[in-house]
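Work out the full structure, taking the sequences as your base and the hints as a guide.
Chains as they are written, first to last, in this note's numbering: chain A, 1 to 220; chain B, 1001 to 1480.
No lab work stands behind these hints: they were computed from the structure.
Ideal placement from N, C-alpha and C gives every residue a C-beta, glycine not left out.
Worth double-checking, as some hints may not be accurate.
Label-pair restraints from in silico Cβ distances [stated by the list, open to error]:
no., chain 1, residue 1, chain 2, residue 2, range
1, A, V73, B, V1469, 51 to 57 Å
2, A, L110, B, A1455, 50 to 56 Å
3, B, S1446, A, S106, 56 to 62 Å
4, A, V72, B, Q1427, 44 to 50 Å
5, B, R1092, A, D121, 57 to 63 Å
Below, simulated DMTMM-like cross-link-like pairs (lysine to aspartate or glutamate); rule was C-alpha separation at most 25 Å, straight line [to be verified]:
no., chain 1, residue 1, chain 2, residue 2
6, B, K1198, B, D1059
7, B, K1198, A, D121
8, B, K1097, B, D1023
9, B, K1029, B, D1094
10, B, K1198, A, E120
Simulated coverage check for chain A against chain B, where a stretch passes if three residues somewhere in it have a Cβ under 8 Å from a Cβ of chain B [said to hold, decoys possible]:
no., stretch
11, 107 to 119
12, 147 to 160
13, 167 to 177
14, 180 to 186
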Amino acid sequence: MTDLGYDAAHMLGAVVLLMSFALLYQRRLFSLLHVFTMQALALAATAAWQAFSHDEPHLYITALLTLVLKAVVIPVALHRIILKMNIQRTIEPALGIGLTMVAGVSLVTLSILLVLPVTEDATALTRENLALSLSVVLLGLLMMISRRNAVSQVVGFMSIENGLILAAVGVAGMPLVVEMSIAFSVMVAFIIFGIFLFHIRERFDTLDMQKIESFRGESD
Amino acid sequence: MGAITVIVATPLLSAVILALVPDYRLAAKLNILFSAITLLAAFVQFGLEPSSGSLFVVDAFNIYLIALTAFVGLTTSVFSAGYIGHEVAIRRLDAGKLRFYHAMYQAFMFTMLLALSANNLGVMWVAVEGATLTTVLMVSLYRTAASIEAAWKYFILCGVGIALALFGTILMYLAAQPVMGPGMAAMTWTELMVHVAKVNPAILNLAFVFLLVGYGTKVGLAPLHAWLPDAHAEGPTPISAVLSGLLLNVALYAVLRFKMLLAANGAAIAPGPLMVAMGLASLLLAGLMLYRRRDIKRFFAYSSIEHMGIITFAFGMGGPLANFAGLLHMAMHSLTKSAIFYAVGHAVQVKGTQRMEKIAGLTVSHPVLGWGLLVGVVAIAGLPPFGIFMSEFLLVTSTFAREPLLAVPLAIGILVAFGALVLRVQQVCFGAPLGGAGGNAPIQGSLVPLFAHLALVLVAGLWLPGPLVAWFQTVAALLG
Chain A
1 MTDLGYDAAH MLGAVVLLMS FALLYQRRLF SLLHVFTMQA LALAATAAWQ
51 AFSHDEPHLY ITALLTLVLK AVVIPVALHR IILKMNIQRT IEPALGIGLT
101 MVAGVSLVTL SILLVLPVTE DATALTRENL ALSLSVVLLG LLMMISRRNA
151 VSQVVGFMSI ENGLILAAVG VAGMPLVVEM SIAFSVMVAF IIFGIFLFHI
201 RERFDTLDMQ KIESFRGESD
Chain B
1001 MGAITVIVAT PLLSAVILAL VPDYRLAAKL NILFSAITLL AAFVQFGLEP
1051 SSGSLFVVDA FNIYLIALTA FVGLTTSVFS AGYIGHEVAI RRLDAGKLRF
1101 YHAMYQAFMF TMLLALSANN LGVMWVAVEG ATLTTVLMVS LYRTAASIEA
1151 AWKYFILCGV GIALALFGTI LMYLAAQPVM GPGMAAMTWT ELMVHVAKVN
1201 PAILNLAFVF LLVGYGTKVG LAPLHAWLPD AHAEGPTPIS AVLSGLLLNV
1251 ALYAVLRFKM LLAANGAAIA PGPLMVAMGL ASLLLAGLML YRRRDIKRFF
1301 AYSSIEHMGI ITFAFGMGGP LANFAGLLHM AMHSLTKSAI FYAVGHAVQV
1351 KGTQRMEKIA GLTVSHPVLG WGLLVGVVAI AGLPPFGIFM SEFLLVTSTF
1401 AREPLLAVPL AIGILVAFGA LVLRVQQVCF GAPLGGAGGN APIQGSLVPL
1451 FAHLALVLVA GLWLPGPLVA WFQTVAALLG
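Spelled out as structure tokens, the structure:
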């Protein structure tokens, strides 16, 4: 394992995390999609680099899937949905940007403190990759909590998924990575394209989750 | 390996076949037939020796859940055939939706049985994820505002739960990989059980926390239970029955498999206290929430949270007695709660409402159904002579003997829930029946599934056969 291999993998992982931070403060839906596309590109590059440097050809499939689905198909489809439903204007984060950033940095610190001490016998690359991916997962959770809009919640969910794939490709020789990423993509695809956005749109005329959540099913 | 392949393959093939059958009456009959074949294969497998291969594992622990799942799957398909007849008559469902519904029903059974029998952490995860997907689609079947909100909430919460469980699974592989080498072995249950003693306990601990929270979301443990009442209340009632009766058990099964790994490791943290805390929190919270419910399906959904809390508490306590109680309670709750949902499904259809105050006087207007529901509620409340009384009694007494301080909140929780059940069942079953919008229509479909379940729960409460007791004890010992 050369130093170059380690550095490149480390840098690509860090770019994925950086994009998670960028996702947190995007106010517009379109820029949210653009940042998500960049994150997917960085993730595809990470997977491809791992496939090359560790000689694990099945990870090329993961890289290709990420590239095609997350960097092209899903952003294009969400783009069209947003245009079709005419909701492209703004989104308001539930937390202020400053507060969101502070929370994000604390989550990254938390995941580093959590992961590094328990993985002392793993390789340096695996440990740092795991810390990075846990941070991406936690930031995705934060995004899902702090957003009110259904589209940005789905983007938050997909960024959690990106964190998981980052973790899976970073662990040497993990089997079933491809199968699990396919299973996840199927779930996301079903939800996005098949049912939800269209029906939520039909029934509520808005994707604002706050309004939907007022339907309690029980009036008292 | 023959029978287990049939158990898993039958529902998968049936899902494909049912997707091609346009006539819903025929599809309902085929649904029953396919479920019966699955159950038959499960019984055959029950008689065979435990075995494990690269794909499936069958041991004393999961075969009982496989048989239970196949059984409840069959009775629910019988209930469902009558239920959908009425839903078509009142035009809540049409043929297209029912074609989708039947295919999804078998797809759901496939994911449940695959999750139970898979010998691989990754395959199990994919199966549980698939179960989430199929049930989300079925919860939103009515396409009402409330059902779409329920399905959305279910997807968001369980999607996050599933994601955390995957992170835990990756950590588990990371822990096992230095000892067992890269490749499939480090993700196989049977291999892991052999080698787990040498695995780094610190990573195991971290992995278990993610797995408990992740799969715990699907068990409906507090504070991640918010999806459960909505999903139960807004979907078709047969789905409520299989959600409560089967899905929660399967998610708990996943947690318990990982708990077995931790127990076999020795040096890892004891998973007990975490599970005891989450179980107690669910029990107490759900017990209190029961009092404010007005919707009958939501009411029994909270009761499911309460019971999953009791079961998680039992397994958290561990030891032969508490594990025995937990296993028995899992089976009894599954049978009783699905029976209650069958009764509730009929009651909601004949009265045309889910509001409890409007269902009043069920024993007067529909005596057989009313008394059936009453017996079911008596059973779920933990009164003798039913099976749940036995498991709760065993759990409370064994907890008093070992940890009196924990037994107090446990007993309080059970009593609080008991009070709510007695209060509400009076309202629903007795008093003068209201005419209401739906009037007092006759019951459609068969009441056989309801009484078959109740009879089993009664028999189990009066007399557990010796071999069954011995066999439950073996499993309880396995769980550590």
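Subject >> Hint check, failures only >> reply: 4
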